[in-house]
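Chemist: Position chain B relative to chain A; hints supplied.
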Amino acid sequence: MTGERLVLTVNGTSHTMDDVPGAERLLDTIRWRLGLKGTKEGCRSGECGACTVLVDGASTLSCLTLSHEVDGSSLTTIEGMANDPVGRTVQEAFARAGALQCGYCTPGFVLALVGLLRERGSGASSDELLADLGGNLCRCTGYLAIARAVALLQKEEA
Amino acid sequence: MTPFALVTPSSVDAAIAELRTGAPGEVVLLAGGTDLAFDLERPGPGPRRVVSLRRLPWRTLDWNGAVLTVGSTLPLRSLERDPEVGRRHPGLLEAIRAVGGVPLRHRATLGGNLGRAAPASDLLPMLLALDAEVDLVGPTGARSLSVDRFLIGSRRTALAEGELIRSVRFPEPRPSTYLWQRVRPANDISQVAVAAALSPTDGRWRLAVGGVPPRAIRLPDAEAALRSTTPSETEVRDAAERTAGHLPAATDQRASGEYRRHLASVLVERAVRSVLDARAGAEGR
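Protein chains in written order, with numbering that gives the first Met the number 0: chain A, 0 to 157; chain B, 0 to 284.
Chain A on its own, in the form it takes in the complex (with noise of 0.2 Å):
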C-alpha cells in the first residue's frame, strides 16, 4: 500500500519522505528510512525504553508510535545527543561512571534522562530522576551504576 509524504526534522535536518505507510512505526522510519542505527529496537511493545527518542522535546517510544502521528515534529535521536550541551553531558557522566556494558539500552536511557532534565530543570532529586527512568531496562549494570551517573549529574548541577 502507498502512504503520504512524511516531513520531520531529525536532529536539526528537515528530511521530505513520500510514500510513508500510515502503518510504519518511528521506530522503524529512523532506523531503516533515515538509517540512524543509534535508537535500538528491544521489545517492540512499550516495556523495555531501548527505542526512547525526544519528539518535540518528550520522551517517547518510537516503537509504539505511528509515524505519521508526529508528521511536522522536530526528533532527537542519540545521533543528535553530540551536538547537545545536556546531552553531552549525560553521555560524559554515564561514560565517568562506567554506566553501560553492552551498550543496547544505553541510547534510550541517555535520551529519557535528558528529557527528563529539560522538563523538570534542576528541581528534581536523583531519586525522583531514577522513578522516572522505571520505563527503561538495563539487563547487563544492575542499575547501580547507571544511578552513579545520575548521581554525577546531580553534583555537577550544583
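Careful: at least some of the hints might be erroneous.
Part of the chain B face toward chain A, derived, beta carbon under 10 Å [claimed, not checked]: (1) Val6; (2) Thr7; (3) Ser51; (4) Arg76; (5) Glu83; (6) Arg106.
To be clear, the hints were calculated from the coordinates, so they are not data collected in a lab.
Everything numeric in this text was worked out from a predicted model, so none of it was measured.
Virtual Cβ for every residue (Gly too), placed ideally from N, Cα, C.
Modeler: Relative to chain A, chain B alone:
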C-alpha cells in the same frame, strides 16, 4: 497484520463520519496509540482503517470551581505535571504514575485508556473511586455516563456506533490514594490495585479494585463497613475482610485468585489508613 489506512480528520463531525465507514473492528480510533499499537502488529486480521484523533481540540485541562474536566486526548504526562491535579486529586496522580513509564505517558491518554477498556488498566479503579463521568459525542448528539456504566467488560464499553469520548469529568476533589502490587514498578501491569477516596460532600468512602479481570469494580460491601469519615480500627479491618470475601478474582498468568483476594484485602486496609493519615496531616498543618 493487515495493512491499514491512517486517516486524520480535523473536525469532530468528520471523525464521527469516519467511524461510520465500516463495522467496529474494521475502523478503530487512535488516541495516544500506546495500547492499540501492540494490537496493530498482531498476526491475523486487523482494522482496515485507523482514525487518528490528534487534530481534534481535546488536549485540554479545565477547572470549573471544584470540577476538573480532562480532554480525552490530553497526554497523561500533562495531567501528571499539573500541580493542581496532584494537590486536589492525590490518588489520581498516583494512578497516572502507575501507567507505563514517562516516555509512554507522553503519548498515552485518559480517553484511550477508557476506550480500550484494558482489563488491568491502572486508571479505571481510580476513576471509579472518584465518580468520574465520561462525556461522549456521537451522531445523535452528546451524552454522559458514569465510568461504572461506561465499562462493560474486558475490552468492552458502552460506546455506541460512531461515538467518541470527548472528555472525562471529576466532580469534586477527594482525599484519595492508589496502591498497587506488581512485579516491576514501571511498564508493568498491576496484579491487584486498590483505589480509595473519601467524598467531602456525602462523607462516604469509595473503594475500587483493579487488576482483576474482566474489569475494575467498586467494592460496595467493603464501603458499607466504613460507617463514618473517621472509621474505627474494627471497621477498617471489617472492610478488608469483606474485600477478601467478596472479590471475584480470577487466576491468570499474573496471579492466582487466592493471592489477588489476599492482596486486595491488605491494600484496602492500607489505602483507607493512608487516606486517613494524609487527611490528619493536612488538618495538622
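Chemist: Please go over all the hints and tell whether each is borne out by the structure.
Modeler: These are the hints, each one checked on the structure:
| no. | hint | in the structure |
| --- | --- | --- |
| 1 | Val6 | holds, 8 Å |
| 2 | Thr7 | holds, 7 Å |
| 3 | Ser51 | holds, 6 Å |
| 4 | Arg76 | holds, 7 Å |
| 5 | Glu83 | violated, 18 Å |
| 6 | Arg106 | holds, 6 Å |
Violated hints amount to a single one, hint 5; each of the other numbered hints is respected by the structure.
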